[in-house]
Amino acid sequence: MIAEAGLAALWLAAALALLQLALVAVPTLRSGGIVAGRSLALAQGLLTLISFAALVALFVRTDTSVALVAAHSHSAKPLLYKVAGTWGNHEGSMLLWVTVLALSGAALALFERRIGERMMAASLGAQAALGLGFYTFLLLASNPFARLDPAPGEGNGLNPLLQDPGLAFHPPTLYIGYVGLSVAFSLAVGALLTREVGPALARAMRPWVLASWVFLTLGITAGSYWAYYELGWGGWWFWDPVENASLMPWLAATALLHSINVLAKRGGLRSWTMMLAVVAFSMSMVGTFLVRSGILTSVHSFAVDPTRGTFILVLLALYVGGALVLFATRAATIREGAGFQPVSREGALVLNNLFLSVILGTVLVGTLYPLMAESMTGAKLSVGPPYFNAVAGPVFLLLCLLLMVGPLLRWRRHAAPLGRWVAPSALAAVTMLAINLLVAPDMSLLSRLGLAIGIGLVPASLMPLIGRSLRRTPLATWGMAIAHLGVAVSLIGIASDSAFTRETLAIAKPGDRLTVGPWLVELKAVNPVVGPNWTAIEAELRATRGGGVKVLRPQARTFANPPTDTNESAIATVWNGQIYTVLGQARGDGWQLRLWWKPFVTLIWFGGGLMGLGGLLSLGGRMWRGRRRREVEE
Amino acid sequence: MTSYLALLLLVALALGVAWLAGLRGGQLTLAASALLLGGAGYALQGRPGLDGSPQVAAESEPPVSLVRARNAFLGQFNGRSHWLVISDSFAARGETRDAVGILQAATRQHPRDYALWLGLGNALTDHARSLTPAARLAFARSAELAPTSPAPAYFLGLAKLRSGDPDGALADWKQVLAEAPTDASWRPFVEDGVAMIEALPGERRPGLGQTGT
Numbered sequence: 001m002i003a004e005a006g007l008a009a010l011w012l013a014a015a016l017a018l019l020q021l022a023l024v025a026v027p028t029l030r031s032g033g034i035v036a037g038r039s040l041a042l043a044q045g046l047l048t049l050i051s052f053a054a055l056v057a058l059f060v061r062t063d064t065s066v067a068l069v070a071a072h073s074h075s076a077k078p079l080l081y082k083v084a085g086t087w088g089n090h091e092g093s094m095l096l097w098v099t100v101l102a103l104s105g106a107a108l109a110l111f112e113r114r115i116g117e118r119m120m121a122a123s124l125g126a127q128a129a130l131g132l133g134f135y136t137f138l139l140l141a142s143n144p145f146a147r148l149d150p151a152p153g154e155g156n157g158l159n160p161l162l163q164d165p166g167l168a169f170h171p172p173t174l175y176i177g178y179v180g181l182s183v184a185f186s187l188a189v190g191a192l193l194t195r196e197v198g199p200a201l202a203r204a205m206r207p208w209v210l211a212s213w214v215f216l217t218l219g220i221t222a223g224s225y226w227a228y229y230e231l232g233w234g235g236w237w238f239w240d241p242v243e244n245a246s247l248m249p250w251l252a253a254t255a256l257l258h259s260i261n262v263l264a265k266r267g268g269l270r271s272w273t274m275m276l277a278v279v280a281f282s283m284s285m286v287g288t289f290l291v292r293s294g295i296l297t298s299v300h301s302f303a304v305d306p307t308r309g310t311f312i313l314v315l316l317a318l319y320v321g322g323a324l325v326l327f328a329t330r331a332a333t334i335r336e337g338a339g340f341q342p343v344s345r346e347g348a349l350v351l352n353n354l355f356l357s358v359i360l361g362t363v364l365v366g367t368l369y370p371l372m373a374e375s376m377t378g379a380k381l382s383v384g385p386p387y388f389n390a391v392a393g394p395v396f397l398l399l400c401l402l403l404m405v406g407p408l409l410r411w412r413r414h415a416a417p418l419g420r421w422v423a424p425s426a427l428a429a430v431t432m433l434a435i436n437l438l439v440a441p442d443m444s445l446l447s448r449l450g451l452a453i454g455i456g457l458v459p460a461s462l463m464p465l466i467g468r469s470l471r472r473t474p475l476a477t478w479g480m481a482i483a484h485l486g487v488a489v490s491l492i493g494i495a496s497d498s499a500f501t502r503e504t505l506a507i508a509k510p511g512d513r514l515t516v517g518p519w520l521v522e523l524k525a526v527n528p529v530v531g532p533n534w535t536a537i538e539a540e541l542r543a544t545r546g547g548g549v550k551v552l553r554p555q556a557r558t559f560a561n562p563p564t565d566t567n568e569s570a571i572a573t574v575w576n577g578q579i580y581t582v583l584g585q586a587r588g589d590g591w592q593l594r595l596w597w598k599p600f601v602t603l604i605w606f607g608g609g610l611m612g613l614g615g616l617l618s619l620g621g622r623m624w625r626g627r628r629r630r631e632v633e634e
Numbered sequence: 001m002t003s004y005l006a007l008l009l010l011v012a013l014a015l016g017v018a019w020l021a022g023l024r025g026g027q028l029t030l031a032a033s034a035l036l037l038g039g040a041g042y043a044l045q046g047r048p049g050l051d052g053s054p055q056v057a058a059e060s061e062p063p064v065s066l067v068r069a070r071n072a073f074l075g076q077f078n079g080r081s082h083w084l085v086i087s088d089s090f091a092a093r094g095e096t097r098d099a100v101g102i103l104q105a106a107t108r109q110h111p112r113d114y115a116l117w118l119g120l121g122n123a124l125t126d127h128a129r130s131l132t133p134a135a136r137l138a139f140a141r142s143a144e145l146a147p148t149s150p151a152p153a154y155f156l157g158l159a160k161l162r163s164g165d166p167d168g169a170l171a172d173w174k175q176v177l178a179e180a181p182t183d184a185s186w187r188p189f190v191e192d193g194v195a196m197i198e199a200l201p202g203e204r205r206p207g208l209g210q211t212g213t
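Line by line, the protein sequences give chains A and G.
Under this note's numbering, residues 1 to 634 are what the first sequence spells out, in order.
Under this note's numbering, residues 1 to 213 are what the second sequence spells out, in order.
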């Protein structure tokens, strides 16, 4: 009954989405007003949530009469992975996607009161249109509740690479980010339809974009760390097409966030903001297409089914194409806001958006080009780190240089000298440059500049707080400073990892000693060990550097359902980096060991966390101020 | 029938939420119509008559009693038997991970005891329900420590049988018999095992799940 209830709830939600769209699109029904739109959005959200909860319950029970559960679960799996396995497959993750979409619409209906009724109705209609397409895709091409008769006696199990606590949090966090951008998309479509593009729209859109951006930031940061420790390659970003598919909406959302601030504060960048709101969610949909169309093979990719890919491509064309046509036809009617000088906060934010757009374009081209080349010529091409690092890297460094100055500029026109504000950052950057030229003459240019600019960006990001009463400084300003500090910290981590990582690959027997960087690592023993649904061969390594010992236990695991071998790296974190170890295969009397010393690599994710924290502070600050303003008005 | 009841309840819930959110009159009627349309879609696609089939992790019995086999090769009362007995008791309750944990502790305390490594290999095979590299390592350690004992080779063969490799098990056991003294007390045990495998039907079934003798 649970499976049937889940399927029924999905059909009912789809029907309500159809009605919600009709109420906006059909002139004779438009007199329904905003109450109808809000009510239907709430009911839709609840029904979709019930459908998703039903699927989770089916996975927890390992109900093999449901094809999805039979294909992707097993009765012997630990409970956490039974639950997380719900979204470790195409249909389940698509249902999660649609659930977040429906709940976003419900949240918009429930909480948004700052925009006019006409725009709200149009925005809810746009949200319903998005939902309807994806409900149709789920019900007709990716039914998560498809049944099996007779039911098999046991499930096939979950990919062991995905049996990790990171899986429990990474996809839902990312999806809230990806799909949360649908609200910005819908608000933009609503504003274009009703020709109400202005500061009120920006103030309404900002918290939704901020919240999505925070989740995307944290989801990408967590995903990067998960890949780092789970895949055992010692890398933290592989420019995998699916990783790029999460980065592109983040880049667009970052630009959108900055653009919204200009629109809210000064009424400027209206066309930029509308375009970015459409692009940000469009990138989410491009990502969905890449992962689910079968054109990619990746630990992230799901469906290998061209029919589904075609379906999503049609949805993509409808939504993105429709929104862009609407933008093109209405752009001329968008009234521009107040003007500004090139040397101004607005000018810096325009440049910021340009840099982010260039990086976005670089990543988009690099991701899609091999796929297009293969489809047209049959030739298999690979575009990897050499392209992305060489093209996007320098632009990112320019963006960070801009970050040192931009937040200090005044709105509309900045004429005052900046020297004393910029001097500490410039001094820090030049000092670091000189040090690394002396200490590491062989360092790559990108790493060298990255370190210098990162160090310079640390004081620069905190400059907006200098000279203020810190207790009276708005939370949004704190948020901005901390988020920019996060960028600096991540940049330092990235440059350090690139410049200073050391690696040792050897075959060792118990008692052998190896060196990696400043560490002496002894292989003490190799023993069999066990986990809830796996067995493993585990090495005991003892690493020393001066005083103190770090014990590391990398494993080579074997899972039974499905039969899979994986490597579990062992990582020891110290104040200035991480020792990363991987156990390979037995070779004669010994064992393959791969060791890395990665100085300051943790700063990459610490910086990501700071960016997320900054976003949260900004969001909290703005919501609190908005609430206080409404209380005063009342 | 219960699935259609669930459908009705969901329709009522959706209408209730819409009503609470202020939907009234003709709009509410429209919503009800839309929900009926959705219900029709479900009726076309759903399978309300199909029951669910929740699964519970099944326990497996090895094809040969591990305790009897171990006593045949190693004797029943000896210095390490208490570890093995405790491990057996956990395994009998389905707590195979704890059964392995007991013997891991045992091998740390007595790293040169081949019987404990043997027991660990069996416990790992029991937990994974197949012969894994970790179990092979344990059996290999046992064999290194007792190169003349037939027990490691026998139990490795038994683990192969439990993993669905009766041919591998047969080869190992025939080797054990070829090297065994004719008056060895455990010899009948191995002969029975060989006979059991040779009696399997032409399409050999995996050893897991079969009741022990």
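Hint data in this document are derived by calculation from the structure and do not stem from the laboratory.
Predicted model only: the values in this text are computed from it and were never measured.
Wrong hints could be hidden among the right ones.
Stated by the list, open to error - Label-pair restraints from in silico Cβ distances:
hint : chain 1 : residue 1 : chain 2 : residue 2 : range
1    : G       : A92       : A       : E503      : 42 to 52 Å
2    : G       : H110      : A       : L505      : 26 to 36 Å
3    : G       : A92       : A       : G153      : 15 to 25 Å
As the list claims (entries may be wrong) - Computed list of chain G residues with no C-beta within reach of chain A, every gap over 10 Å:
hint : residue
4    : T2
5    : L13
6    : A21
7    : D51
8    : V85
9    : V100
10   : R129
11   : S185
12   : V194
As the list claims (entries may be wrong) - Partner residues are not named here, just some residues of chain A that face chain G (Cβ under 10 Å, in silico):
hint : residue
13   : R38
14   : I50
15   : T62
16   : A328
17   : A332
18   : E538
19   : R542
20   : F559
21   : D565
Built from N, CA and C at the ideal position, the CB exists for glycine as well.
Evaluation of the provided hints:
Range check, G:A92 to A:E503: Cβ separation about 47 Å, and the 42 to 52 Å hint holds. Hint check: G:H110 to A:L505, Cβ distance near 35 Å, so the stated range 26 to 36 Å holds. A hinted range of 15 to 25 Å for the beta carbons of G:A92 and A:G153 is consistent with their spacing of about 23 Å. With a closest Cβ-Cβ approach of about 5 Å to chain A, G:T2 is found to fall inside the 10 Å limit, against its non-interface label.
Against the 10 Å criterion, G:L13 falls within the reach of chain A, whose nearest CB is about 7 Å from its own CB. With a least CB separation of 4 Å from chain A, G:A21 falls inside the 10 Å interface cut-off, contrary to its annotation. With a minimum CB-CB distance of about 7 Å to chain A, G:D51 fails to clear the 10 Å threshold, and the non-interface call is violated. With a minimum CB-CB distance of about 19 Å to chain A, G:V85 clears the 10 Å threshold, and the non-interface call stands.
Annotated as non-interface, G:V100 brings its C-beta within 10 Å of a C-beta of chain A; the closest such distance is 4 Å. Distance check on G:R129: its Cβ comes as close as 6 Å (rounded) to a Cβ of chain A, failing to clear the 10 Å threshold; non-interface status is violated. For G:S185, the non-interface assignment is confirmed: its Cβ lies about 29 Å from the closest Cβ of chain A, beyond the 10 Å cut-off. For G:V194, the non-interface assignment is confirmed: its Cβ lies about 27 Å from the closest Cβ of chain A, beyond the 10 Å cut-off.
For A:R38, the interface hint holds, the least distance from its beta-carbon to any beta-carbon of chain G being 6 Å, beneath 10 Å. For A:I50, the interface hint holds, since its Cβ comes within 10 Å of a Cβ in chain G; the closest pair sits about 7 Å apart. Hint status for A:T62: holds, given a least beta-carbon distance of 4 Å to chain G, under 10 Å. With a cut of 10 Å, the hint placing A:A328 at the interface with chain G is violated, because the nearest CB-to-CB distance is about 33 Å.
With a cut of 10 Å, the hint placing A:A332 at the interface with chain G is violated, because the nearest CB-to-CB distance is about 36 Å. Here the hint on A:E538 is kept, as its CB sits about 8 Å from the closest CB of chain G, short of 10 Å. Checking A:R542 against chain G by beta carbon gives a least distance of about 16 Å; that is not within 10 Å, so the hint is violated. Residue-level restraint check for A:F559 holds (minimum Cβ-Cβ distance to chain G is 8 Å; threshold 10 Å).
Restraint check, A:D565 versus chain G: the minimum CB separation of about 8 Å is within 10 Å; hint holds.
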